[in-house]
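Taken in order, these protein sequences are the chains called A and B. Using my numbering, count along the first sequence one by one with no gaps and you end on 464. Using my numbering, count along the second sequence one by one with no gaps and you end on 464.
If you are wondering where the hints come from, they were derived from the structure by calculation, not from laboratory data. For each residue, glycine too, the CB sits at the ideal point set by N, CA and C. Treat the hints loosely; a few may be bogus.
Said to hold, decoys possible - Cut-off 25 Å, straight-line C-alpha distance, at most; resulting in silico cross-link-like pairs (DSS-like, lysine-lysine):
| id | chain 1 | residue 1 | chain 2 | residue 2 |
| --- | --- | --- | --- | --- |
| 1 | A | Lys275 | B | Lys275 |
| 2 | A | Lys244 | B | Lys244 |
| 3 | B | Lys426 | B | Lys404 |
| 4 | A | Lys354 | B | Lys244 |
| 5 | B | Lys354 | A | Lys244 |
What the hints assert, rightly or not - A few chain A positions that, by computed beta-carbon distances, are all more than 10 Å from chain B:
| id | residue |
| --- | --- |
| 6 | Gln110 |
| 7 | Glu131 |
| 8 | Lys173 |
| 9 | Gln179 |
| 10 | Glu205 |
| 11 | Gln321 |
| 12 | Ile402 |
| 13 | Trp416 |
| 14 | Tyr427 |
| 15 | Val439 |
| 16 | Phe449 |
2 protein chains.
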Amino acid sequence: MLGARRLLGALRLCSSVSCPRPRASAKMRVRDALRVQDASGECVTVQGWIRSVRSQKEVLFLHVNDGSSLESLQIVADSSLDSRELTFGSSVQVQGQLVKSQSKRQNVELKAEKIEVIGDCEAKAFPIKYKERHPLEYLRQYPHLRCRTNALGSILRVRSEATAAIHSYFKDNGFVHIHTPVLTSNDCEGAGELFQVEPSSKIKGPEESFFDVPAFLTVSGQLHLEVMSGAFTQVFTFGPTFRAENSQSRRHLAEFYMVEAEISFVESLQDLMQVMEELFKATTEMVLSHCPEDVELCHQFIAAGQKGRLEHMLKNNFLIISYTEAIEILKQASQNFAFTPKWGVDLQTEHEKYLVRHCGNIPVFVINYPSELKPFYMRENEDGPQNTEVA
Amino acid sequence: MLGARRLLGALRLCSSVSCPRPRASAKMRVRDALRVQDASGECVTVQGWIRSVRSQKEVLFLHVNDGSSLESLQIVADSSLDSRELTFGSSVQVQGQLVKSQSKRQNVELKAEKIEVIGDCEAKAFPIKYKERHPLEYLRQYPHLRCRTNALGSILRVRSEATAAIHSYFKDNGFVHIHTPVLTSNDCEGAGELFQVEPSSKIKGPEESFFDVPAFLTVSGQLHLEVMSGAFTQVFTFGPTFRAENSQSRRHLAEFYMVEAEISFVESLQDLMQVMEELFKATTEMVLSHCPEDVELCHQFIAAGQKGRLEHMLKNNFLIISYTEAIEILKQASQNFAFTPKWGVDLQTEHEKYLVRHCGNIPVFVINYPSELKPFYMRENEDGPQNTEVA
Numbered sequence: 074m075l076g077a078r079r080l081l082g083a084l085r086l087c088s089s090v091s092c093p094r095p096r097a098s099a100k101m102r103v104r105d106a107l108r109v110q111d112a113s114g115e116c117v118t119v120q121g122w123i124r125s126v127r128s129q130k131e132v133l134f135l136h137v138n139d140g141s142s143l144e145s146l147q148i149v150a151d152s153s154l155d156s157r158e159l160t161f162g163s164s165v166q167v168q169g170q171l172v173k174s175q176s177k178r179q180n181v182e183l184k185a186e187k188i189e190v191i192g193d194c195e196a197k198a199f200p201i202k203y204k205e206r207h208p209l210e211y212l213r214q215y216p217h218l219r220c221r222t223n224a225l226g227s228i229l230r231v232r233s234e235a236t237a238a239i240h241s242y243f244k245d246n247g248f249v250h251i252h253t254p255v256l257t258s259n260d261c262e263g264a265g266e267l268f269q270v271e272p273s274s275k276i277k278g279p280e281e282s283f284f285d286v287p288a289f290l291t292v293s294g295q296l297h298l299e300v301m302s303g304a305f306t307q308v309f310t311f312g313p314t315f316r317a318e319n320s321q322s323r324r325h326l327a328e329f330y331m332v333e334a335e336i337s338f339v340e341s342l343q344d345l346m347q348v349m350e351e352l353f354k355a356t357t358e359m360v361l362s363h364c365p366e367d368v369e370l371c372h373q374f375i376a377a378g379q380k381g382r383l384e385h386m387l388k389n390n391f392l393i394i395s396y397t398e399a400i401e402i403l404k405q406a407s408q409n410f411a412f413t414p415k416w417g418v419d420l421q422t423e424h425e426k427y428l429v430r431h432c433g434n435i436p437v438f439v440i441n442y443p444s445e446l447k448p449f450y451m452r453e454n455e456d457g458p459q460n461t462e463v464a
Numbered sequence: 074m075l076g077a078r079r080l081l082g083a084l085r086l087c088s089s090v091s092c093p094r095p096r097a098s099a100k101m102r103v104r105d106a107l108r109v110q111d112a113s114g115e116c117v118t119v120q121g122w123i124r125s126v127r128s129q130k131e132v133l134f135l136h137v138n139d140g141s142s143l144e145s146l147q148i149v150a151d152s153s154l155d156s157r158e159l160t161f162g163s164s165v166q167v168q169g170q171l172v173k174s175q176s177k178r179q180n181v182e183l184k185a186e187k188i189e190v191i192g193d194c195e196a197k198a199f200p201i202k203y204k205e206r207h208p209l210e211y212l213r214q215y216p217h218l219r220c221r222t223n224a225l226g227s228i229l230r231v232r233s234e235a236t237a238a239i240h241s242y243f244k245d246n247g248f249v250h251i252h253t254p255v256l257t258s259n260d261c262e263g264a265g266e267l268f269q270v271e272p273s274s275k276i277k278g279p280e281e282s283f284f285d286v287p288a289f290l291t292v293s294g295q296l297h298l299e300v301m302s303g304a305f306t307q308v309f310t311f312g313p314t315f316r317a318e319n320s321q322s323r324r325h326l327a328e329f330y331m332v333e334a335e336i337s338f339v340e341s342l343q344d345l346m347q348v349m350e351e352l353f354k355a356t357t358e359m360v361l362s363h364c365p366e367d368v369e370l371c372h373q374f375i376a377a378g379q380k381g382r383l384e385h386m387l388k389n390n391f392l393i394i395s396y397t398e399a400i401e402i403l404k405q406a407s408q409n410f411a412f413t414p415k416w417g418v419d420l421q422t423e424h425e426k427y428l429v430r431h432c433g434n435i436p437v438f439v440i441n442y443p444s445e446l447k448p449f450y451m452r453e454n455e456d457g458p459q460n461t462e463v464a
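Produce the entire structure from the sequences given, and follow the hints as far as they go.
Right, dumping it as structure tokens:
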């Protein structure tokens, strides 16, 4: 299903300069316009939302963003233009000539010939304010508008790019993509945290189930993928997964997307970890090269130092330690943990974070867990379960 | 999360010919092996499932499939090999030399040096039988094994390829991918057919909802995408959607995947239909070029004539007719419909099928519906709703 929105309230403003070439003006995304190397007056049309308005002598400077990049395109217009509706947040269509910019801040700018306000925006009523950096908690109140901020726009572009990179990695490496079911009668990792599903008319009623058996939202596509790995040597899925845990931590969401893959005929755990490392690195490289400005924004204003950490990760091989080694490292740590590390007990987030720091901020695989800490479907090592406490 | 399965029960069989080159044998997918043009004895290892076994004089012929293509790779082995475990359905690892085949039926074959049975398969217990074409109804009983048949394998490969093509089309055309939520408090297209969600412990109990409001499974990401189209001029989603209709027809599934896109600043419905047509064609072209054998199988055994219909569709421009024209065409049809076509009443599947046949088996857009047949969020034409019956 495809839909379209044309924001209403069009108002045509005066056209002060006429385009030297009478041919139709080509629609161009801001991202593409910004990349034109030797702009020489191409007639283009750009559509987007005003991010800033500045009047200077005879000239009006606008910045227009269309979501295709963090950077906006500078529009230069004659100040005789009626600018009352050219406000922050308004949606506009600008036709003009793409020219080399006089300023060093950008390569190109658009010399406007016609500016059309498609949808106006009243500054007082608009919760996002010009030049203000709004805290994320404030933006939570405006799920329908927050995607217009730099931070959320960047995160959504990065997520889109990472999603595409994950699909590409698996496709390029011969994996078959499987849509494992969201509705399932399976439990995968232990009961008590599943969402169950019934038609809304029956949910609290005494009627029989809609399906023949109780239906849950998937917590993992793994068991379905394992079935597929009996016919395809390499399969993956990348879909929504659900947990009904009433936890407000950063690690627990009711709904999240998960990448899962199965490889048949794998010889060793090392081969598998190699795939995971390559997937991580390929995805990170794609995001760094396709969204450099978005990563920079995150690096500077959201997660300080993030870019350096990513580049450090790319340059180094991931590490592998055993569960027993991990416990030893944690026992010798000078840090006080909320949960005392102990052989036979699962690792906590604080432990995992410490291990990564201990390993020089390189991702680290922890292998050879005691079998009782892992679900039934995990493969046991050939030396059998190791249940004895290590001194 | 990544997992691996190595099918157990390994048995090493005798190695009768030694590889002339001592270097490690490279793992190769069957699809890639079949494409080697001038095979000249490369040492390779192939892993997969036996699709046929034939003994002839001194030679044993096996066909091994690994799901990477419909075609299997022919393995030629010395018949002195203990072949008791080389049965249909067994999983094997074969090392040998890739050579030009003597037969015209294939370009290459693998001259086996070592065959290892990774997992054996007892023909009597195995519900899929050698050389039998099982009806789909029969295969429904074996969801964990049916992916090993030609038909289901092909469908899954085509689905994987089509999924990748849809992602590529949107990415190449500058769309931002959005994961619209599966859990939502929205209804999109009218009540009464939604699945509602609660933790399994609460589903039939009197307790309060897990979420602050009743939570449903999405029937469409459209409203969420529309929000995003206020910040990004082109967005799409491709995720699972749900209907709680208790209908067993081919057109109604409880869970299905849907592609949805939103484009801001669209000038006309034509621009939108252009995107839909391009998406259809790009996806079809990708499937035809990447899975020609799978399409051929479908063409011959599943949906007779399918390939011709697809090629016909690719060669022609999609048609556009108005709802009023559609009703006129249906009224003049010699066919008897179960539902009599009538202006102001929605089109049925039988009507849509007739219209496509009437239009020469080319997809046809029906536009300008009476507004009361469409949901509230559809854009009204500028001439307002046309509610009067057309004579």
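These are the hints, each one checked on the structure:
1. A:Lys275 / B:Lys275: 13 Å, holds
2. A:Lys244 / B:Lys244: 15 Å, holds
3. B:Lys426 / B:Lys404: Status holds; Cα separation ~14 Å.
4. A:Lys354 / B:Lys244: 20 Å, holds
5. B:Lys354 / A:Lys244: The given pair, whose Cα atoms are some 20 Å apart, holds under the 25 Å limit.
6. Gln110: 19 Å, holds
7. Glu131: Label holds. Min Cβ-Cβ 29 Å, cutoff 10 Å.
8. Lys173: 24 Å, holds
9. Gln179: Holds, since 20 Å exceeds 10 Å.
10. Glu205: Per Cβ check, A:Glu205 is outside 10 Å of chain B; nearest 17 Å; holds.
11. Gln321: Non-interface label on A:Gln321 holds, nearest chain B Cβ at 13 Å vs cutoff 10 Å.
12. Ile402: Holds, because the least Cβ-Cβ distance between A:Ile402 and chain B comes to about 24 Å, which exceeds 10 Å.
13. Trp416: Consistent with the label, A:Trp416 stays out of reach of chain B, its closest Cβ about 24 Å off (over 10 Å).
14. Tyr427: Its Cβ never comes within 10 Å of chain B, the nearest being 22 Å, so this holds.
15. Val439: Per Cβ check, A:Val439 is outside 10 Å of chain B; nearest 14 Å; holds.
16. Phe449: Fine: 13 Å to the nearest Cβ keeps A:Phe449 off the interface.
Going through the hint list in order, the structure satisfies each hint without exception.
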